[in-house]
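Q: One-letter residues, chain by chain:
2 protein chains.
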Amino acid sequence: MLPENTRRSLPMALLHAREAVMARFRPMLAAHDVTEQQWRVLRVLSEAGPVEATELADRASVLPPSLTRIIKALEGRKFITRNKAEVDGRRVVLTIAPAGSALIDALSPERRVIYDDIEQRFGHDKLEQLLDLLESLIDGES
Amino acid sequence: MLPENTRRSLPMALLHAREAVMARFRPMLAAHDVTEQQWRVLRVLSEAGPVEATELADRASVLPPSLTRIIKALEGRKFITRNKAEVDGRRVVLTIAPAGSALIDALSPERRVIYDDIEQRFGHDKLEQLLDLLESLIDGES
DNA sequence: TTGTTGTAGTTAACGCGTTAATTACATGCG
DNA sequence: CGCATGTAATTAACGCGTTAACTACAACAA
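Chains as they are written, first to last, in our numbering: chain A, 9 to 150; chain B, 9 to 150.
These are computed hints drawn from the structure, not numbers from a lab. Every clue listed holds true.
Any copy will do: because identical chains look the same in the list, a pair fits if it lies in one copy or spans two.
With a Cα cut of at most 20 Å, we get these calculated SDA-like pairs of lysine to any residue:
#  : residue 1 : residue 2
1  : Lys134    : Glu149
2  : Lys86     : Glu60
3  : Lys134    : Ile146
4  : Lys86     : Thr76
5  : Lys134    : Arg16
6  : Lys134    : Val121
7  : Lys80     : Asn91
8  : Lys80     : Arg98
9  : Lys134    : Ser144
10 : Lys86     : Trp47
11 : Lys86     : Glu55
12 : Lys80     : Ser69
13 : Lys80     : Val101
14 : Lys80     : Ala107
15 : Lys92     : Thr103
Fair warning: this is a prediction, and the values are worked out from it, not measured in the lab.
Modelling step: build the complete structure from the supplied sequences, incorporating the hints.
A: In structure tokens form, the structure reads like this:
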């Protein structure tokens, strides 16, 4: 059955839900002049160490063209360094720099507080249930 | 607790879930050279009749600056018409045009098939449950 | 009437998503 | 080796999201 109102439309509900959640994180990121995607890239580099561009794009859920722009921005601010792979001249290896690690360290506590608050307000069980359903939806459609 | 992997991160899960669902609709829209947002605007105009820009933006979940661009595109293709309100020179009234209605009619059956397929594969009950949780999340955060 | 405040819509600037084209390098076949 | 094919990354082009600034008009008070 086609959804009659946008509230019960799955694409709309997912859009609004994500927007509602991200609204909590955006001020924190904006205060440090990092975009959501730049933050994801930094986190991956922080957690996974030096990584090639393709894997980085995949892990951070960013498309290659976007990653190129993000790398340029982050490199310009000395948050990361960019080097060609020795074995394969096409590949690019990204590494987090001290300034990048410092930003991660500076924002992580705040991020934890926000995430915990969302979990507490929404409910731990409901959050788990929601994540299960989303995972199932993703697997079913992909 | 902070999510350790992106799969169990709420923002990521919502992003991927929406992407997985929209991937089903995108080819249909692309085949007719309409973007997702243009399609939402057309649907609102089709269902709600002539509407002022502010209400249209709200109903279609599009920001005012985006709506301005969308109106320009849709008007250029004669899908909608744009008129100033008589009572208030600031307001703009949008109306769907025959070509716009024709597009709606042409795509609606296909849209229904896709939506039904998603519902069937995912399960009716799970879909309802997911929509309930998303609605709750949205209300709780807003 | 005039000036202030408020509102609807637009424009601008910047970043990302998306698709397609392009460049640089690697691989493999004849 | 020389050339075709494949792959990693970049570039380009276009549209939307987001925020802020700006324009046009309305409402209202002095």
